[in-house]
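Using the UniProt record's numbering, the first residue of the sequence shown is number 1, and each one after it goes up by one.
Some clues are possibly wrong.
Just the calculated beta-carbon pair ranges, DEER-fashion [stated by the list, open to error]:
no., residue 1, residue 2, range
1, L94, P63, 26 to 36 Å
2, E53, R171, 52 to 62 Å
3, S51, R168, 27 to 37 Å
4, Y203, K182, 34 to 44 Å
5, L184, L94, 39 to 49 Å
6, E172, V202, 45 to 55 Å
No farther apart than 27 Å at their CA atoms in a straight line, the calculated lysine-lysine pairs in the BS3-like style are these [unchecked claim]:
no., residue 1, residue 2
7, K166, K195
8, K182, K195
9, K182, K166
For the record, the hints were derived by calculation from the structure and aren't laboratory data.
Glycine included, every Cβ here is placed at the ideal spot set by N, Cα and C.
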Amino acid sequence: MAENPWGTRAPKEPKARKDAGVLVIGLGRFGSALATTLEALGQDVLAVEKSPELVAQWAGRIPLVEADAANPEALIQLGARDFSVAVVGVGSYLEASVLITANLVDLGAPQIWAKAISHEHARILQRIGAHHVVLPESDAGTRVAHLVSGKMLDYIEVEDGFTIVKMRPPRETQGFTIAETKILERYGVTVIGVKSPGQDFVYAEPTTRISANDLLIVSGHAELLERFAARP
């Protein structure tokens with residue numbers, strides 16, 4: 001455990017635990033959406049919120065407690081170290097976000113996710129030991145930019161530029177099989193699957209034929225996907 005929470009600390013490898021679920025700290029828009037979705041998916045969730053108004057708003061809808069997670073004693077009493085995952089959804093208040101994340105690191109929480117509102121905020125959270133940092137607004141802005149600029153219907157950047165998109169097939173591919181189009185050789189991207197109207201999703205094979213009304217699931221580098229999606 002480092003004495004100075006602002007010093008550089010490499011995150012330890014997360015260790016999965018089976019004795020508890022997900023601790024969600026902060027019930028703003030991000031935290032509440034996360035907590036309710038996890039609850040709907042059947043995950044064990046405990047939300048922590050210090051605002052009496054938000055606690056009253058969510059009482060009876062998800063398991064929650066009123067506490068200030070910036071206080072390490074509160075986290076100890078909640079058994080934060082026993083949760084498999086802890087999510088710090090407090091992003092707008094930088095000091096609270098950093099303190100809560102540092103408290104979880106000091107307690108040895110096995111896997112810490114933290115919301116950041118800027119790249120500078122993200123770097124601080126990573127340096128003090130958060131295992132995963134998300135920038136919801138930045139990520140959403142990037143995703144929407146790709147969607148409004150072309151024919152893509154959905155856009156997910158996985159890592160280091162590798163991206164998966166949902167798109168309409170370019171005219172030159174319509175009526176041909178995957179093998180006949182030579183999409184990988186010509187454009188450097190891979191068709192993962194095809195969804196035809198009224199049909200189940202199927203994984204793409206060389207003999208899979210592409211129709212004008214199909215939806216394609218395509219993977220590859222973002223720049224190459226942009227070029228492919230820009231085809232008429």
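Hints, one by one, checked against the model:
no.	hint	verdict
1	L94 to P63: 26 to 36 Å	28 Å, holds
2	E53 to R171: 52 to 62 Å	54 Å, holds
3	S51 to R168: 27 to 37 Å	45 Å, violated
4	Y203 to K182: 34 to 44 Å	19 Å, violated
5	L184 to L94: 39 to 49 Å	45 Å, holds
6	E172 to V202: 45 to 55 Å	21 Å, violated
7	K166 to K195	10 Å, holds
8	K182 to K195	19 Å, holds
9	K182 to K166	19 Å, holds
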